[in-house]
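Based on the hints, put chain B in the right spot on chain A.
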Amino acid sequence: EDQVTQSPEALRLQEGESSSLNCSYTVSGLRGLFWYRQDPGKGPEFLFTLYSAGEEKEKERLKATLTKKESFLHITAPKPEDSATYLCAVRHYGGSQGNLIFGKGTKLSVKP
Amino acid sequence: EAEVAQSPRYKITEKSQAVAFWCDPISGHATLYWYRQILGQGPELLVQFQDESVVDDSQLPKDRFSAERLKGVDSTLKIQPAELGDSAMYLCASSPDTGVLQYFGPGTRLTVL
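Chains A and B are the protein sequences, given in the same order. If you use my numbering, the first sequence corresponds to residues 13 to 124, in order. If you use my numbering, the second sequence corresponds to residues 193 to 305, in order.
Isolated chain A, as found in the complex (with noise of 0.2 Å):
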């Protein structure tokens, strides 16, 4: 069965301190990974994809990996500007025409 799972489920983090978060798939066919961020009451906002192994996308304090089973969002030295809900999401060879399967999100907390 094509599932994307995002761990952990919430992260909380002092100012500065950095980490990652992670996103598995197993799917047939990976055609692209979407990481967006969503604030709380609002729709997602697009941040980075990424289509083959070894690529890698930066953003300012956030950097987004690709390996063949999963991928990882490194944040850096986060401010608590960087407080939300961050999603991973898989298009893949078996799915509808543009359809995304997504994660359940890793809700990220940064405290001054």
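Note that these hints are calculated values from the structure, not bench results. Fair warning: there could be bad hints in the mix.
Unchecked claim - Below, in silico cross-link-like pairs of lysine to any residue (SDA-like), each with a Cα-Cα straight-line distance of 20 Å or less: (1) A:K54 x B:R228; (2) A:K116 x B:R301; (3) A:K54 x B:P298; (4) A:K54 x B:A212; (5) A:K119 x A:S19; (6) A:K119 x B:E236; (7) A:K54 x B:S279; (8) A:K54 x B:D216; (9) A:K71 x B:L293; (10) B:K203 x A:P52; (11) A:K116 x B:E236; (12) A:K54 x B:L302; (13) A:K54 x B:W214; (14) A:K116 x B:L231; (15) A:K123 x A:E72; (16) A:K119 x B:A280; (17) A:K119 x B:I230; (18) A:K54 x B:I218; (19) A:K54 x B:L238; (20) A:K116 x B:R228; (21) A:K119 x B:R228; (22) A:K116 x B:S279; (23) A:K119 x B:Q233; (24) A:K119 x B:P298; (25) A:K54 x B:E195; (26) A:K54 x B:E193; (27) A:K54 x B:G232; (28) A:K54 x B:L231; (29) A:K116 x B:Q233; (30) A:K69 x B:V292; (31) A:K116 x B:G232; (32) A:K54 x B:Q233; (33) A:K116 x B:D278; (34) A:K54 x B:A194; (35) A:K75 x A:Y63.
To be verified - Simulated coverage check for chain B against chain A, where a stretch passes if three residues somewhere in it have a Cβ under 8 Å from a Cβ of chain A: (36) 228-240; (37) 290-302.
Computed from a predicted structure; not experimentally measured. From the three backbone atoms N, C-alpha and C, an ideal C-beta is built for every residue, glycine too.
The following block gives chain B in isolation, referenced to the frame of chain A:
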């Protein structure tokens, strides 16, 4: 910056009532998606349109849910009758074409009492 618009932002209704949500995608985007997100979960696709045609509604509970995109632009999602388990965030997303990055709207938070 172009955005996906949704209304209403919040809706409270009683079970067995009918509710409707509206979505206006980014101009020129041919593909439109409706997702349901239960609190603490990731979004799950309900229906996908390519222009005015439905390309995937396999997860849409068709006994009570309906969706249309008559002119291939804006779209309406309807629930009739609403049930307690329908309480969730309903998200609309659009993309220039299938298989391309999806942009999400702010969502409609539905509470069924």
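Now for the hints, and whether the structure bears them out:
| no. | hint | in the structure |
| --- | --- | --- |
| 1 | A:K54 x B:R228 | 13 Å, holds |
| 2 | A:K116 x B:R301 | 18 Å, holds |
| 3 | A:K54 x B:P298 | 5 Å, holds |
| 4 | A:K54 x B:A212 | 19 Å, holds |
| 5 | A:K119 x A:S19 | 10 Å, holds |
| 6 | A:K119 x B:E236 | 18 Å, holds |
| 7 | A:K54 x B:S279 | 16 Å, holds |
| 8 | A:K54 x B:D216 | 16 Å, holds |
| 9 | A:K71 x B:L293 | 17 Å, holds |
| 10 | B:K203 x A:P52 | 17 Å, holds |
| 11 | A:K116 x B:E236 | 10 Å, holds |
| 12 | A:K54 x B:L302 | 13 Å, holds |
| 13 | A:K54 x B:W214 | 16 Å, holds |
| 14 | A:K116 x B:L231 | 10 Å, holds |
| 15 | A:K123 x A:E72 | 19 Å, holds |
| 16 | A:K119 x B:A280 | 18 Å, holds |
| 17 | A:K119 x B:I230 | 15 Å, holds |
| 18 | A:K54 x B:I218 | 17 Å, holds |
| 19 | A:K54 x B:L238 | 18 Å, holds |
| 20 | A:K116 x B:R228 | 13 Å, holds |
| 21 | A:K119 x B:R228 | 19 Å, holds |
| 22 | A:K116 x B:S279 | 17 Å, holds |
| 23 | A:K119 x B:Q233 | 11 Å, holds |
| 24 | A:K119 x B:P298 | 18 Å, holds |
| 25 | A:K54 x B:E195 | 13 Å, holds |
| 26 | A:K54 x B:E193 | 17 Å, holds |
| 27 | A:K54 x B:G232 | 13 Å, holds |
| 28 | A:K54 x B:L231 | 12 Å, holds |
| 29 | A:K116 x B:Q233 | 4 Å, holds |
| 30 | A:K69 x B:V292 | 18 Å, holds |
| 31 | A:K116 x B:G232 | 7 Å, holds |
| 32 | A:K54 x B:Q233 | 14 Å, holds |
| 33 | A:K116 x B:D278 | 18 Å, holds |
| 34 | A:K54 x B:A194 | 16 Å, holds |
| 35 | A:K75 x A:Y63 | 15 Å, holds |
| 36 | 228-240 | holds (count 7) |
| 37 | 290-302 | holds (count 11) |
The structure is consistent with each of the numbered hints, conforming to all of them.
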